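In order, the protein sequences belong to chains Y and A. Once you know that position 667 of the first sequence is 667 in the working numbering, the rest is easy, because the numbers rise by one and skip nothing. Once you know that position 265 of the second sequence is 265 in the working numbering, the rest is easy, because the numbers rise by one and skip nothing.
In short, the hints are calculated from the structure, not lab data. Hints should not be assumed to be uniformly reliable.
Unchecked claim - Computed beta-carbon distance windows for the label pairs:
id, chain 1, residue 1, chain 2, residue 2, range
1, Y, Gly580, A, Leu28, 51 to 57 Å
2, A, Leu28, Y, Pro1136, 30 to 36 Å
3, A, Pro175, Y, Asn1124, 57 to 63 Å
4, A, Ser159, Y, Gln529, 43 to 49 Å
5, Y, Glu1183, A, His278, 28 to 34 Å
6, A, Thr178, Y, Pro1136, 41 to 47 Å
7, A, Ser159, Y, Glu596, 27 to 33 Å
8, A, Glu289, Y, Gln1160, 40 to 46 Å
Please read all numbers here as calculations on a predicted model, not as lab measurements. Ideal Cβ placement from N, Cα and C applies to all residues, glycine included.
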Amino acid sequence: MKREMVTIDANEAVAYVAYRTNEVIAIYPITPSSGMGEFADAWSAAKKKNAWGTVPLVVEMQSEGGAAGAVHGALTTGSLTTTFTASQGLLLMIPNMYKIAGELTPTVFHVSARSVATHALSIFGDHSDINAARSTGFALLASSSVQEAQDMALISQAATLEARIPFLHFFDGFRTSHEVNKIEQLTEEDMRAMLDDDLIVAARIRGLSPDRPVIRGTAQNPDVFFQARERCNPFYEACPGIVQKAMDKFAGLVGRSYHLFDYQGAADAENIIVIMGSGAETCDETAEFLAKQGEKVGVLTVRLYRPFSTPHFLKALPPSVKKIAVLDRTKEPGAAGEPLYMDVVTAVNEGLANGSAPFKIAPQIIGGRYGLSSKEFTPAMAKAVFDELKKSNPKNHFTVGIQDDVSHSSLSYDPHFSIASPDTVYCVFFGLGADGTVGANKNSIKIIGEETDYGAQGYFVYDSKKSGSITISHLRFGPRRIRAPYLIGENEANFVACHQFSFLERIDILKYARQGGVFLLNSIYGPDQVWDHLPREVQETIIAKKLKFYVIDGYEVAHKTGMGGRINTIMQTCFFAISGVLPREEAIKQIKKSIEKTYGKRGETVVRQNFEAVDSTLANLYEVKVPEKANSAIQRLSLSQQAPEFVRDVLGPMIFYEGDNLPVSALPVDGTFPSATSQWEKRNIALEIPVWEPNLCIQCGKCAFVCPHAVIRQKVYDPALLKNAPETFKFIDAKFKELPDMKYTIQVAPEDCTGCALCVEACPAKDKSQVGRKAINMAEQLPLREKERENWEFFLSLPETDRSSFQPGTVKNSQLLQPLFEFSGACGGCGETPYVKLVSQLFGDRSVIANATGCSSIYGGNLPTTPWAKNKEGRGPAWSNSLFEDNAEFGLGMRLTIDKQSEYARELLPQFAEAAGQTLVDEILNADQSDDASIIRQRERVAILKQRLANLKDPKAKHLSALADFLVRKSVWVIGGDGWAYDIGYGGLDHVLASGRNINILVLDTEVYSNTGGQASKSTPRAAVAKFAANGKGLPKKDLGMIAMAYGYVYVAKVAMGANDQHTLRAFLEADAYPGPSLIIAYSHCISHGIDMRKGLEQQKLAVLSGIWPLYRYNPALIAQGQNPLSLDSKEPSIPVEDYAYNETRYRMLLQSDEIRAEQLMRAARDDVRKRWELYRQMAEIEYNAGQNNNSNGGSHD
Amino acid sequence: MIDLTTSYLGLQLKNPLVAAASPLSKKLSNVRKLEDAGVSAVVMYSLFEEQISHESRALDYFLSRGTESFAEALSYFPEMEHYNIGPDEYLNLIQKLKSSIDIPVIASLNGVSTGGWIEYAHRMQQAGADALELNIYYIPTDFDITSKDLEQSYVNLVSDLRKQIRIPLAVKLSPFFTALPSLARQLVEAGAGGLVLFNRFYQPDLDIEMLEVIPSLELSTSSELRLPLRWVAILYGRISADLALTTGIHSAEDIIKGIMAGASVVQPASALLRNGIHWAKEALSGIEEWMEKFEYESVRQMRGSMSQQAVAEPAAFERANYMKALTSFDNRIIP
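So here's chain Y without its partners, still in its complex pose:
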């Protein structure tokens, strides 16, 4: 049978099979498995049928726990059902997995294995999640490659139906899930041939039905539970045989042969590695290489990990084995060994004890850890393991791939060892996220894979920043199948491309280039000038490695052909032209074909301009004549010497892509990092930055208020301080009534700005003679960089305005407060971060923050540097992220600590009245702490108290001293997105609101799961398109504010900074002041809305004018005063919803794809607005009488 060769990643390969072999799919997005669910959703929306001719039903749930429940329900009623997940998601499924397995229900969960969060979250791959699920009773089947992932998806589906044991099919997150490789695609005939219809019918018949009622899910007592639990044993005993049978059937059908344990290597191998997942491919390749050099080595790849079949395992081992190294891609602190190692030890010992082992002398067994969180696992590391086995006393419980200078567990390896094949071509591309490099490289590898006989592989490394991010593409192709599940190594690449000149200043790009390789640079400097602009290290490498050096001004070609900043097809054309993988004409034909495929739906203009770019490329591609000597004085960038030691020595290497070289000792023991580190990164990603025009400025503070990255700031200061000001430092007389006779400056941090221009949009001051000129205007960054850097440093040296000298209740004044959230990696123009920054300014020096997983935890806490900062007294927000689902509860726990410890401190304090002084004690206990001035005074009292307690011997004095800071008012902020608040964390959020505790909840509402790529949440509004709502969300947005108001004692505000900044500020201040729970729902424009981000504030305004986003505050404190707590703060809708909505791609794309439905939904959306407004209006008009009160307890939590 002819099968198609396709070049796809494992997520697509697995989803392809899972979709076609199931009827119901319940999922929840989580990296790196989201792609599988998205493929399934897209196919279902397009009415693609499964192998039996029906369109599977795909449903997005509110959490993985919910997905597992829905899967369980669908299974128990007899549907072929599947799900896709990873990491924390899998952990949330575990309770249901026990049930599903206990009920012997066939299903396959496909898992792109990912690290479980411990000392830190990681989205990358290892086996800690699947190992956490190994006791559920699910069978665990591992795949090592993209091809295997597809094949095992089908084999597991066949096996589960016969075995009745549910399967967890896993493959390595990112390394396999996101690797693009050329595979033979199974057909639907293959699927039907593998899946026994009788077994499917049997599963259906076991399903609950009122036509044949049974009871499942009983509660059992000590008398029978144990026996009943043992009842399933025969099924587990039969399972390995059934899996092997399915593998054999598959081999007969398709030709690829698999076994529960596959051994590769010398028949007389003495040293063996046992491993599962993609690392097995690396070990296999390495063993093959070493065997050719006469080494007696082999690799046993584990495929069926659970049920672990000892007989099959022993049978697969060569009798000659003397030493075994078991490699686990997980860590179980405190265990006798990692799980696979323990299995092997047990199996070998059992085999020796009962005589079933193929050897008589016990082989020596060692275990080791590798590849946690997608840490590279290379042939050099595999060789290090084989080398260790050669030793007479090999190290047990070792690690490989890191330098462990603490526990000394690590094996050393030769980083220069390479098994790179001479007939394979290796290419590395450095791109800017926004320039389309990865997309073009995915197309290139598809072209090579599908238009030539070559094997082809692509793997893509992404940045953790959302703005100005760097991507690195690793492409391999050649006459043989490409395995190599690891990055291209140093000195291996035949072709290195740098698509952004400035990278040369930051990253050692050419370390990848091999001797005599090719270097392609996108450069505004032509072939005659470019040399003089290269850093010296780059020049030296080009000369030393004898690289052929090409340049193209991709931006110029892109500009001329209307491509803007997208140089992808231009650089792709250069790659094909230089690499010669295809004849030039053929290559251009294929590039154009892939352009049509990728962009065809988006209109002919886009296709045509891409074609023009391709056609214009080669005339602009030049080879550079390389001089014999390096002559550059330009050095590669390094971190400021003023940076703290930890930043320089630990975060610095991470910033410059050298973090792999950090030893274990460099890192904190418990995942605790210093704050205020983003100030040292200086990414210089803005092409243009704002420039202040003092003579036009009205000192309103709006520019600073909206700045997402806290790069534009204002200060009011003593004129005498200007004595040492740099020549170009700008200032004017301050116009702040509380601060007379002072000077005022707005200053921009030139190297931290992302160039989003929100400040310019927000600026209300226009030049009366030239209205296009405002008090803030954008100008090119490069010519300004040096001077503005100096000005910024001087500005920072000016003292912050004394918080006790003004009230922060106006936008203007609020921006005198130092932002303690700065220079995050959020998208340029982010709609969330201005709110987060405002919290940091108003309450940052006394706040503890619980942050739900999502965008805000990534730009807030993803290494290398983090944006939460501190003031000169060393105070600032203390921040942590627990999980996605538990954030409200996490924050409540913080509140409980503060409440309890301040209570205890207040209990202790009177006991030290003599030592501390009665007056001081009384003042502390009775202090008003309603504003900054009074809080500062309380801090001073507490400092005196600590001094007076310092020399006391009483242990209680030590306690009081440690707790005394809790006598100063603290603010707890719980921050997260709508995915958390409306969906996965809603239950907890509701409970915390109900608790009555003094806690402030900020929902950054982007109306989709932004961090994982725009999946619908219950906040998604009607008529908007999102993933899992591809035909437009048919139901209205959940009214979270209304639900919270129903409690009657929760402060609720709905705000939109762009529509009314003063209202936003007021709501934040009221929320903090309110002594009970507060909920602020903040409109956050987002890249996932498909808007011009510069116009984000304008969109917010339109959202309010259209009534889509009414502004209000519900303050229960007003009830006691006989006032209506609800204040409707925006005017009646005055523009049609369409005038707001159709500025956004998420709404417009429905209009463009299904006009009739778009109009229907838009009508309904208008109706939603009208009804909601009417309801709110009526609520706001209800009369409250002072005497009426009621249970509004203003935050009491009895």
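Based on these hints, arrange chain A on the given structure of chain Y.
Same frame as chain Y, but now just chain A:
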């Protein structure tokens, strides 16, 4: 029996009232209502040169932005099966209209440069358009472009378009030409079978509080009829092309004026938008009543009867007319 029939661009029409390009034609239901109200043909809303390229570019930009750069979000939107952008949507509507109504459908292209986009004229023809109206709508702000260059480019555009299609082609012009008759003749020689006089430029307004230039769209009034009326009268009979009068048609009398000046058809838009589609029905019965009252037999009889060639004082359409108007104006207001 009064004969309202007329011929325009070779199309035999039941009356001279053709719905001008306007947002009304974006919906099939509205076009059905126009047909029911009696209009003899409909000019569809304009497909703009910029729209063809802009929608495609915008969609691509917003769907591509942020993709493939952050590991957790390799894209932000679901992949749709198909997008009806720019021309697709337009072409689909032509097809729908042709299968739903009986009156002729005149497609409208709006642009100034020759380029890839003009192939859409061919596609409009394929989709079933009975004729094409090219709307030349351009504000020259480049100091290096002369009027001669610009007019030549318009002529070239008409010539290029003519080669693309076999259906009749009309050109809708603005009144802002120094020597309109010469240009009109060149356009006709390049292949225009009809001239539509005139399109109205939406003039931006200034918000003097917000200090912003704001787009402003105001409907025409009857008084604006004079300008096209004069030029239709001047051109009638002197070029071998049909004339359509648009701008300022607000009553049956306005229609009759247009026909008497020499228009084969008149194309109202503002009147339909302001008064509703039923206005067409009232206007048509108004023409009939007027013709009955003044004993006209047919529209053909009336057409061009007051053109410059036909009137007793041709100079009335020239500069002298201006002097006369000023004088009469002064007489009215100066005591």
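Results for each hint:
The hinted window of 51 to 57 Å between Gly580/Y and Leu28/A holds, with their beta carbons roughly 55 Å apart. In this structure the supplied range 30 to 36 Å is violated for Leu28/A paired with Pro1136/Y, their Cβ-Cβ distance being about 21 Å. Pro175/A and Asn1124/Y have their C-beta atoms about 60 Å apart, which keeps the hinted 57 to 63 Å range intact. Checked against the hint of 43 to 49 Å, the C-beta distance between Ser159/A and Gln529/Y comes to roughly 45 Å, which is consistent with it.
Checked against the hint of 28 to 34 Å, the pair Glu1183/Y and His278/A fails, with Cβ atoms roughly 48 Å apart. Between Thr178/A and Pro1136/Y, the C-beta spacing of about 42 Å keeps the proposed range 41 to 47 Å intact. For Ser159/A paired with Glu596/Y, a C-beta distance near 31 Å keeps the hint of 27 to 33 Å intact. Between Glu289/A and Gln1160/Y the beta carbon distance is about 43 Å. The supplied range of 40 to 46 Å therefore holds.
Checked against the numbered hints given earlier, the structure breaks hints 2, 5 and satisfies all the rest.
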